[in-house]
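So you can see what is in the structure, the chains are spelled out below.
Protein chains: 4
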Amino acid sequence: MDAKEKCGLYGAFGLENASRYVYQGLFALQHRGQESAGIVSSDGADLASYKGMGLVGEVFSEEVISRLRGTAAIGHVRYSTTGSSNVNNAQPFLIKYSGGEIAVAHNGNLVNAATLRHEYEAQGSIFQTTMDTEIILHILARTHRQGGNGLIEKAIGRVQGAYSLLFITPGEMIAARDPHGFRPLCIGRVGEAWVVASETCAFDITGAQFVREVEPGEVVHFSADGIRSGRILPSGEVKPKYCIFEHIYFARPDSVIFGDSVHEVRKRLGARLAQDAPVDADMVVAIPEGGTSAALGYSEASGLPIDRGFIVNRYVGRTFIKPDAVDRAASAQAKLNVVSEVVRGKRLVVVDDSVVRGTTCRAKMALLRKAGAKEVHFRVTCPPHLYPCFYGIDFPERQELLAVRYNLEEIKEFLKVDSIAYQTLDGMLSCVSNPPDHYCHACFTGRYPVVAGQKTGKFILERTQ
Amino acid sequence: MDAKEKCGLYGAFGLENASRYVYQGLFALQHRGQESAGIVSSDGADLASYKGMGLVGEVFSEEVISRLRGTAAIGHVRYSTTGSSNVNNAQPFLIKYSGGEIAVAHNGNLVNAATLRHEYEAQGSIFQTTMDTEIILHILARTHRQGGNGLIEKAIGRVQGAYSLLFITPGEMIAARDPHGFRPLCIGRVGEAWVVASETCAFDITGAQFVREVEPGEVVHFSADGIRSGRILPSGEVKPKYCIFEHIYFARPDSVIFGDSVHEVRKRLGARLAQDAPVDADMVVAIPEGGTSAALGYSEASGLPIDRGFIVNRYVGRTFIKPDAVDRAASAQAKLNVVSEVVRGKRLVVVDDSVVRGTTCRAKMALLRKAGAKEVHFRVTCPPHLYPCFYGIDFPERQELLAVRYNLEEIKEFLKVDSIAYQTLDGMLSCVSNPPDHYCHACFTGRYPVVAGQKTGKFILERTQ
Amino acid sequence: MDAKEKCGLYGAFGLENASRYVYQGLFALQHRGQESAGIVSSDGADLASYKGMGLVGEVFSEEVISRLRGTAAIGHVRYSTTGSSNVNNAQPFLIKYSGGEIAVAHNGNLVNAATLRHEYEAQGSIFQTTMDTEIILHILARTHRQGGNGLIEKAIGRVQGAYSLLFITPGEMIAARDPHGFRPLCIGRVGEAWVVASETCAFDITGAQFVREVEPGEVVHFSADGIRSGRILPSGEVKPKYCIFEHIYFARPDSVIFGDSVHEVRKRLGARLAQDAPVDADMVVAIPEGGTSAALGYSEASGLPIDRGFIVNRYVGRTFIKPDAVDRAASAQAKLNVVSEVVRGKRLVVVDDSVVRGTTCRAKMALLRKAGAKEVHFRVTCPPHLYPCFYGIDFPERQELLAVRYNLEEIKEFLKVDSIAYQTLDGMLSCVSNPPDHYCHACFTGRYPVVAGQKTGKFILERTQ
Amino acid sequence: MDAKEKCGLYGAFGLENASRYVYQGLFALQHRGQESAGIVSSDGADLASYKGMGLVGEVFSEEVISRLRGTAAIGHVRYSTTGSSNVNNAQPFLIKYSGGEIAVAHNGNLVNAATLRHEYEAQGSIFQTTMDTEIILHILARTHRQGGNGLIEKAIGRVQGAYSLLFITPGEMIAARDPHGFRPLCIGRVGEAWVVASETCAFDITGAQFVREVEPGEVVHFSADGIRSGRILPSGEVKPKYCIFEHIYFARPDSVIFGDSVHEVRKRLGARLAQDAPVDADMVVAIPEGGTSAALGYSEASGLPIDRGFIVNRYVGRTFIKPDAVDRAASAQAKLNVVSEVVRGKRLVVVDDSVVRGTTCRAKMALLRKAGAKEVHFRVTCPPHLYPCFYGIDFPERQELLAVRYNLEEIKEFLKVDSIAYQTLDGMLSCVSNPPDHYCHACFTGRYPVVAGQKTGKFILERTQ
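Protein chains in written order, with our numbering: chain A, 292 to 756; chain B, 292 to 756; chain C, 292 to 756; chain D, 292 to 756.
Isolated chain A, as found in the complex:
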């Protein structure tokens, strides 16, 4: 899989050394962004900030964490494309405006960022980054000038698209989620204190109890006076559009999001595949890590035994020097080696979460063949990817998507497999608990809940720099 999530968020309010909790929480959310990490803390009077490029464990040291003083803090991990991969774009984003200091961390993507940006530029505003998050702060500052209550609610009301947001000011932490709730955002407690995280797996590591999700369209204010809820949109008008791909691929299996256990959803996806696309085979194997839960479900539902076809080399990180840039098979093998004794002479059902470009997938299938697999039947837990995401996931350019380039028969040939089956849309939606129309599946169907401009989202901003 080559898709990239943009971000993970964690906030804590009312805890001694809040930044320490945020640090641990970000560790649990590292899968949501590996290129930069940042924390802003409040000691009640001032905000302190530290950001850097790299993994959480590389950016922060004991000494840095101890300088991020105070009982409230928010943090952010981020993925970004190469072009804009610099510390200027790391979050949280801290500014001063007429209302004082405020910092924000954002997961998602705004579809009207470019439009708003041009509007603000035309009025004389300057932009120092290529993040769509910057526009939120401009709107906030202008809205503040107009006075009145509900500053955050009003300001956010102007942006469209996907956003789970965490704000911090010297006195408050604020969590907000767009009216469709594209990205997850959960509330938890540690004793009397509050924590907020993109996924519940970050609660476990920090000893927090899950309370509820921030509702789509809700703005939750945490302060010394307790918790207070505001709305961007009345809850009656809210139409949830949860990103189904969080369940398929992004979220950690030990998280509960959108009301479902991610692991359980994936097992159901595997079971449904077994039902819809059965095959006469000897054994089920997963493509780790993504296909592991679904392969269990397929095995249970089909009665076929499961075994370990691949072993992950957990030490192959970003530093591996490839023997030859064009030899994808060798590169894939550095991370994932086949257990020949398991697959030799066997008819295999191979389960993976999704296929985007297909090149890495093809290399893995080749490894199975080379190790002596007799038949390879490939099963994918979601439908074919056909459309871009404007709500915070960074897929390759459309012409690079395997299912755009080829029809099913061609894909089978490209991957050199004996059979291939994707999940159906209905099949996929039957594995989650909310009503089918509460999910966004635009990357499969092109049915976009929020209309974006002809060229939208991050792409325009990137190109203008």
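Calculated from the structure, these hints are not laboratory results.
Some hints could be false.
Note that identical chains are pooled: a pair holds if it fits in a single copy or bridges any two copies.
[What the hints assert, rightly or not] Each computed SDA-like pair below joins lysine to any residue, with the alpha-carbon atoms no more than 25 Å apart: (1) K637 - Q500; (2) K665 - G498; (3) K703 - R660; (4) K637 - S724; (5) K703 - G462; (6) K626 - R605; (7) K707 - Q414; (8) K445 - Q414; (9) K626 - G348; (10) K445 - R360; (11) K626 - L677; (12) K626 - Y370; (13) K707 - S721; (14) K707 - Q500; (15) K626 - S357; (16) K626 - V607; (17) K637 - D685; (18) K626 - P579; (19) K707 - D571; (20) K445 - F418; (21) K661 - P740; (22) K665 - K703; (23) K626 - E700; (24) K661 - G498.
Position chains B, C and D relative to chain A; hints supplied.
Chains B, C and D only, in chain A's frame:
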């Protein structure tokens, strides 16, 4: 598990840019040592060396690899205890002596190193490291002075204990294995060229075909003239004593060592446990990564379903700042989180490879309880650890071993589990293919194939520094 | 001396690999700022930027320089106080606004920055740094919205204080200097191409010929169409107020600024001291590096021989671990050791450029005494420092200034010298070529050419963060 | 000057936190070696060691220094040629032998190292570095085996050449100097404690008082029992051969070595040049830093005024990226800029310490011409360099020496100067206090006090690696 392997070896002879193959091979062997890495290459006339502290990907850059020129190279990854963790002790170990230049890389532990060292010191030799490997080079230089053939064979004949060795000189690569063959050492081919590795998983990544193991007591010379075999001990006198713990814990599941697939051995260990220590439960879960293969075997043999009780956070490396040094549960959870939805209300069989100190294990059991597991039945794929290893594995001090401190009932209480069962010695030996007396199991039984001094091995050397 | 200049500037237009020239120029200007360095280059279509904390040679590598493509580039070195010492505040400062991309580098200090900032905040602007330079870009963007010609001239017209500025856009480089010309800014040529630098010493290293200074109140545009001059203020209304302290302390002796050779001015300062404050002594010694030129002048004018009383240890950089934080003498000695054989038994005239806090100075006098000097007559090339600078120099808080705390007799006792004499104001002004009222000497006299608010300049901004 | 000293030494015995003093002392000796630094300390029972590549301030941190515990410590700074520039060759060199632990730091070069090495290799010894220092430790270990008193004295008696040595064992610090005393080595006191250093400038920074030099052929033992002196050679047989080039170039001007103040010797060298090679000129200028003291002497003796022709850019370190590798003039100018106002139209006497290759010198002369100097009369404080040094200084290959390639007239043309004069041998020797035959001047005269093999010293060792 807190036991540490000392080393991994990889060598290549007759390949353009041999150091590049060694680099890849060391990546695949990174699990055998993560504290230092080194490569020595030969361009036919001179040796070039580079060593450093850290993982293979941290120590070597494209630029360094390209400076390690030549068609032959050997490499080494190493674990070491804190006290002697410095680059002086990194290997391969390169010297000049009357025979010219030679470098050596060593996996194992010599039981007569301290005795030989004192003997050599008494004769006026100086020692610059705390590695027992250094004595091998002293012996080699003295032996060379005496002239005659079979230099390596004669020199090695003086040391006792466990050693798989790789030597390189400007013209030769030499692989040697002690007469008991404690540690694995395999020969492979890439086209006409030769490679040698501690485990076969390192062949896969470098596109090599497994040929055979270096036999216990054998010395294999690779040169422009081809391959030539010498003996430390006539093959008839050799008594193999393969380290059974390589199968239990150290080797990668995708390797074949001592004639068996590691993954298959582990599955058999799990299956045997299911037979010897059955339990009325709802589900089998593994402690990843070590218990994963065995849990599959237990599930298959028992008919109990298997599921994912734990999820590994692959980003938690050496950099994690612990929230509180004494809180082992929190620290364990940073690496390994429970999937509550899977274990809640369930009677679990939990399979792990081994238990040494028991403290981390207890923390994991506590996580299962906290997540709502109804019953926890703990199954260990090997017998209780009771004795130190003098042949290259670094267990904790004896008084720290759980099975030394407590009897079975006490261990059950210490771990707070509902039942516990270890594998039997016979059970364990029934899962491997060679005759039972071809294995060393001294860490379980105290039956040492090679007698060591009262205080032996690395410990003496360390203390004298 | 504990005063700190804020910045140095270098720009090149019309040169292949312009960033390479800027890199060299910044090296020559490193004395004007050692905490961060940055370069922005233009390839005619886009701007590329790289900034970092540290010295020029630490921030930039061959690889980074080669990525800063194009035939135009500007660069900046900066000193900053600890509080705001972070890469966010490094310059040049690059933004996008309705007019496209623009970057700016600033040497000086704006006295109405805080006022303007509050005004802009009240209108809804956000600020992301604590630099007063940021307000210039806000004004620029607003001014652009109003349309019309002379954008830079109009925008700069709104700020007050000291500013030498370099702008770069995809098509232009622009150099501007405030109507008083507080800070130097020089124009040079390399063949047909143009360069701009804070001091002429940066021309020498880049093979450039000095042409003229940017005039006070002038804005010089460099583009493909050649050079074009605009005005912030008609030249008839301009009242130059060159910072005399550039000559005393900051500028390099091999530079020509404000029409005078810095070295020659310093020699004249020394000669004038010899005339105004003669002393019956054996020898003149300088406090290197600052007093070296003036000591030559004193020696020539007085006829007293000059010798090397102190030797500088050029290797003591920022990394020296002090033996004991309170022992200033030991710390001073690490950098500057006395040549005992020279000073023993001698009556010395000791010449230094200036005295601010006096603590380091006292330590140096103590070293001379300890080495056996018989008499120490201290001569300072400028008057006593009594007032803060609001135009770009960072002196200590007023109550820390030696001449504020003590009268002349007390200073003599504090420094433990046999006599002391400062330069007079008239004496100082007689050593430079422009009319006396063309210099700013507010740090000595409190006569500020531009009135600042009650609390001004950088101080307010820092405190509000 | 392209000659390189090999090392600087500093030791402390009887001081709390002795390593801290050594750290400071090494800072003062940094000019004697900039490529590696190391300290070994003793807490009375064990030795602790830390070494690294780079400057003292880069290698050691507060934390490392605090781990080097104990009341005795020795340290070393080293220069080395590229080929053998690695941390293995950094000193002090710590070993274990039958006598326990010992470490050594060495300044100088042994002329019989290669011979001894081959002899030891033939007897079965192994060598792990390319340092000639290693042989000393081998001899020490063999000598210890033979028993008897005077171990160090006996062992050192076998090596020939130049050596100032510092040893440390758990209980002793030992300083030794070869019978010719080629390299300096001084003893000082801090209260009741003892310090030893290559030059006295290192005493000043550590608050030590100079006591005396270690005599040629003397071995001084520092222990809890006080100080005790042994001899390698009876003092009556000692023939001092102090390296005159230490005075000319290497030592710091604020040091006293071989009984003379370095600065005073250099002034006398300048004065003697004025007497022997007078010239009708307007002004004397020095090539800093090396020619500064001598230029003062020339000015005083000739009555010609002195001025600053060059300004040093103290920030140009090892990091400067050259604009063009072949353009030496530009590269020279980055470090050293001419003050045009001083030299324009003037007839200059330019004083430098020495000329080795002449290329950098030529670039400096060109800078003076370019700045408008009317005449350039070049004066060198020592005779022409014609021969290699086998006693610890690393000159270029003989065929690269300017005076080997050209005669005086050709050198004048090569440097493009109006006149040139070198110091005479007699003139040079008249400026130091010891009898002329107490100095080694082999690099000028080829008269080697100790005969070396045809190819000797470090060169053989380097080539064999």
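Each hint tested on the structure:
1. K637 - Q500: between (45 Å within a copy, 21 Å between copies)
2. K665 - G498: between (47 Å within a copy, 21 Å between copies)
3. K703 - R660: within (14 Å within a copy, 45 Å between copies)
4. K637 - S724: between (36 Å within a copy, 22 Å between copies)
5. K703 - G462: neither (58 Å within a copy, 49 Å between copies)
6. K626 - R605: So K626 and R605 pass the 25 Å test inside a copy (7 Å) and across (13 Å) alike.
7. K707 - Q414: So K707 and Q414 fail the 25 Å test inside a copy (57 Å) and across (63 Å) alike.
8. K445 - Q414: both (20 Å within a copy, 17 Å between copies)
9. K626 - G348: both (21 Å within a copy, 13 Å between copies)
10. K445 - R360: neither (30 Å within a copy, 43 Å between copies)
11. K626 - L677: neither (27 Å within a copy, 35 Å between copies)
12. K626 - Y370: Both, since 21 Å and 21 Å are each at most 25 Å.
13. K707 - S721: neither (30 Å within a copy, 40 Å between copies)
14. K707 - Q500: For K707 and Q500, the Cα distance is within 25 Å only across copies (23 Å; inside one copy 47 Å).
15. K626 - S357: Intra 36 Å, inter 23 Å, cutoff 25 Å: inter-copy only.
16. K626 - V607: both (6 Å within a copy, 17 Å between copies)
17. K637 - D685: neither (36 Å within a copy, 39 Å between copies)
18. K626 - P579: Both. Shortest intra-copy (10 Å) and inter-copy (17 Å) distances satisfy the 25 Å Cα cut-off.
19. K707 - D571: within (18 Å within a copy, 44 Å between copies)
20. K445 - F418: Intra 21 Å, inter 21 Å, cutoff 25 Å: intra and inter.
21. K661 - P740: neither (44 Å within a copy, 40 Å between copies)
22. K665 - K703: So K665 and K703 pass the 25 Å test inside one copy only (16 Å; across, 45 Å).
23. K626 - E700: neither (29 Å within a copy, 42 Å between copies)
24. K661 - G498: between (46 Å within a copy, 11 Å between copies)
Violation of the numbered hints given earlier is confined to hints 5, 7, 10, 11, 13, 17, 21, 23; the remaining hints are satisfied by the structure.
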